[in-house]
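Participant: Spelled out, the chains give:
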Amino acid sequence: MLRAYLEVIRIRFLMMLAYRVNYYSGIVIYSINIGVYYFLWMAIYGEQSSLQGLSAVQMATYIAISWMARAFYFNNLDREIAQEIRDGTVAIQLIRPYQYLLVKACQGLGEGIFRLFLFSIPGMIVVSLIFPIQLPSIGTVWLTFALSLLLGFIVNVELNLITGLLAFFILNNQGMIRAKRVMVDLLSGLFIPISFYPLWAQTILNYLPFQAISYLPSIILVKGLGGDELTQALLIQLVWCFVLLIPISLIWRKSRKALVVQGG
Amino acid sequence: MREMDAIYAEGLTKEFKVYQSRGGLWGAFRDLFDRHYRIIRAVEGIRMRIQPGEMVGYIGENGAGKSTTIKMLTGILQPTSGELKVNGFDPHRERERFVKTIGVVFGQRSQLWWDIAVQESFRLLQKVYQIPPKEYKSHLERMVSILEIESLLDQPVRKLSLGQRMRCELAASLLHKPKLLFLDEPTIGLDVLVKDNIRTFLKEINQELGTTILLTTHDISDIEALCSRVIMLDKGKIIYDGSLTQLKKVWGGRKKVLLETEREIAITDFKSRTVDLPVTWESTGKRQYVAYLEQGEVAVSDLLARVVQDIPILEMQIEEASTEEIVRKIYQEGIPDA
Numbered sequence: 001m002l003r004a005y006l007e008v009i010r011i012r013f014l015m016m017l018a019y020r021v022n023y024y025s026g027i028v029i030y031s032i033n034i035g036v037y038y039f040l041w042m043a044i045y046g047e048q049s050s051l052q053g054l055s056a057v058q059m060a061t062y063i064a065i066s067w068m069a070r071a072f073y074f075n076n077l078d079r080e081i082a083q084e085i086r087d088g089t090v091a092i093q094l095i096r097p098y099q100y101l102l103v104k105a106c107q108g109l110g111e112g113i114f115r116l117f118l119f120s121i122p123g124m125i126v127v128s129l130i131f132p133i134q135l136p137s138i139g140t141v142w143l144t145f146a147l148s149l150l151l152g153f154i155v156n157v158e159l160n161l162i163t164g165l166l167a168f169f170i171l172n173n174q175g176m177i178r179a180k181r182v183m184v185d186l187l188s189g190l191f192i193p194i195s196f197y198p199l200w201a202q203t204i205l206n207y208l209p210f211q212a213i214s215y216l217p218s219i220i221l222v223k224g225l226g227g228d229e230l231t232q233a234l235l236i237q238l239v240w241c242f243v244l245l246i247p248i249s250l251i252w253r254k255s256r257k258a259l260v261v262q263g264g
Numbered sequence: 265m266r267e268m269d270a271i272y273a274e275g276l277t278k279e280f281k282v283y284q285s286r287g288g289l290w291g292a293f294r295d296l297f298d299r300h301y302r303i304i305r306a307v308e309g310i311r312m313r314i315q316p317g318e319m320v321g322y323i324g325e326n327g328a329g330k331s332t333t334i335k336m337l338t339g340i341l342q343p344t345s346g347e348l349k350v351n352g353f354d355p356h357r358e359r360e361r362f363v364k365t366i367g368v369v370f371g372q373r374s375q376l377w378w379d380i381a382v383q384e385s386f387r388l389l390q391k392v393y394q395i396p397p398k399e400y401k402s403h404l405e406r407m408v409s410i411l412e413i414e415s416l417l418d419q420p421v422r423k424l425s426l427g428q429r430m431r432c433e434l435a436a437s438l439l440h441k442p443k444l445l446f447l448d449e450p451t452i453g454l455d456v457l458v459k460d461n462i463r464t465f466l467k468e469i470n471q472e473l474g475t476t477i478l479l480t481t482h483d484i485s486d487i488e489a490l491c492s493r494v495i496m497l498d499k500g501k502i503i504y505d506g507s508l509t510q511l512k513k514v515w516g517g518r519k520k521v522l523l524e525t526e527r528e529i530a531i532t533d534f535k536s537r538t539v540d541l542p543v544t545w546e547s548t549g550k551r552q553y554v555a556y557l558e559q560g561e562v563a564v565s566d567l568l569a570r571v572v573q574d575i576p577i578l579e580m581q582i583e584e585a586s587t588e589e590i591v592r593k594i595y596q597e598g599i600p601d602a
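Chains as they are written, first to last, in the numbering used here: chain A, 1 to 264; chain B, 265 to 602.
Please note that a few of the clues may not be correct.
These stretches of chain B come out as covered by chain A in the derived footprint (C-beta under 8 angstroms, 3 or more residues) [claimed, not checked]:
1) 339-349
2) 370-380
3) 386-400
The hints are simulated quantities; they were obtained by calculation from the structure and are not laboratory data.
Yeah, the Cβ is synthetic: ideal placement off N, Cα and C, and Gly gets one too.
Excised from the complex, chain A in its bound form (with noise of 0.2 angstroms):
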C-alpha cells in the first residue's frame, strides 16, 4: 500500500512539472516578498545591530528561509478538498481503497518535494548571492532543520485537512479557506517572528500551532539552535502533528456520514 501512496507523490510530482510555467510567475513573487520584508526589517533595525535577540544578518538570513521554506509547506489542499466536495468527485475517491486525506496529504508532499528541489534551493542559493544571509555550513543544523520542515509541513497539511474538510458542513467554505490563509502566515511567523510579538501576544501563540509551521524551523536554522531548545522545539511541533489527528478523525467520520453528492 506504501507503493500506492508513493506512486501519489510522485504523480503530482509530475503534474506539477506539467504545469512548471506557472511556477516562473511565483518565481517572481516570492523574490519581491523576500526583497520587501529585507528592506522593510532593514529600516526598523536601522543602526542597531540586534533586537530581540535577533542580529540583522539573522534576520535577513530568517526573512529568506522562512520563505524559501513556505514554498515548500504552502499547498492548496483545502481549497482542493473543498472543490472535490463541491462538485461531487470526492465521490471517485471514495471508490478506491485508499485513505483520501492521506491521499491528499501525499499530494500535497508531492508538491512541495517539486517546489523545494525546482523553486527553494536554486532561489536560496540566488537569494544568498544578492543579499548578505548567513547559512550555516553543511552539518547536522541543517539535518534538524529539516526534520522540523518536515513536521512543519504536516502541521500546515492538518489544518489545510481541517479546513477543506468543512467544506462538508458549509458548502462555501472560500472565505474560512482564504481567512485561515492570512491566519497561518501572520501567526506562524512568516511575516513576524514570534519573538517581536508582544508578550501577552506571544503566550497565546505558543498555545496554537501555528509556530510549529514556519517559525519554529526557521529558528532552528537561523539561531543553529541545539540541546534542550531544539529538542523543546521538535517537541512542540510532533506533539501538534498529533493532536491535529484528532480533530480531522472527528470531522472526517461525521462527513462521511452527511455526504451528500452534490449533482446526482
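Using the hints provided, position chain B relative to the given structure of chain A.
Facilitator: Showing chain B alone in chain A's frame:
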C-alpha cells in the same frame, strides 16, 4: 444463501434532509437562525438479489433514485435503514476492503487523473489495487486491444474525446478484475461505433471473467444489447424486476401495421371495415396509413383479412412497440399493481 448473492438488499432506504430557504432578505436572515427542512426519501425499501455473473439493467426516470442506489451499493453513501451486503461486505462500513472487489464507471465523472497520461493513471491504479505486474500486463494488453486504445495511452486525459475517454475509463475500472462492475450511464453522449465497441467489450468481460454487471442508463438500446434482466425504479421504489422479454410481452401490447395502397382510400372506409376490432387508424401521408392494434396476436390477421379483400396494397409493414416506447409508457402511466 446470502453469501452467494453478488448484491443482497432488503428494505434499503435512503433519506435526505433538504433545507428550504425562505424568500426575501428577511427570510434569508431568519434562515440563519432557524432553518426549515423537509425529509426526502430518495430510495424506499428496495429489495434486490443479484446473482454472480448476471447483467442487470437498472432503469428509471431522472430523480427516480438510481444514482442514490448506486452510491449506496458502492459504499459512498450510508443507507438510512435496511440491510445491504455487496460481495459479502457492508459497503459503507468495510469500505476499503469492499471497494477492491468492485469496479465503477460514472459516465459523467472521470476517475482518471486529468493532467497525466492515461498509462500513468493505469500505473497508479495498479499500485493502488496491488495488482501483480505480470497479471497486470497481460490483462491490460487484452483490454487495450479490444477497446482499441493503444494509441491513447500516452496522452493526457484532458486531450481525449468523450468516446476515447470512456473506453479508457472502462479499462481503468476493470484493471483489478473486480467481481462486480457498476456502470452509471456509460454510453451517455457516445456515437454508435463507440457504443458498439463498449457493448462487445462488456459482453466479453462478462463471459470470460464472469463479472456481474449492474448498468444504469437512459439508453434502452444498451439494455437490449446487454441485459436479460431489468429492474425498474420509480419514485424510489422498484416497480418492475424481471426479464426484458416478459416486460415486452406484458407491456408491449400495441402493434403497428403500416400500409401503402395503390389508390387513395378514405380513412372512414378503413374504420368501417374494422369497426369490431381494437384498432385505431391514422393517415400518415399520401396513400399511407397506420393501424394501431391495442393487443393480442389474432388481430393482425383479422385486420388484414378485412382490408386486403378490396383494397390493393403495395407495401405492408408490421412494427412492434420498441422497448423504448414500452418504458416511456410505463414512466407515464405506471404499472397499476406495483
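Participant: Are the hints correct? Go through all of them and say.
Facilitator: Okay, the hints, checked on the actual structure:
1. For a cut-off of 8 angstroms, the count of residues in the region 339-349 of chain B with a CB near a CB of chain A stands at 4, and the three-residue condition holds.
2. Counting residues of the region 370-380 of chain B whose beta-carbon sits less than 8 angstroms from any beta-carbon of chain A gives 8, enough to reach three: the coverage restraint holds.
3. Residues of the region 386-400 of chain B with a Cβ under 8 angstroms from some Cβ of chain A number 6, which satisfies the need for three, so the listed coverage holds.
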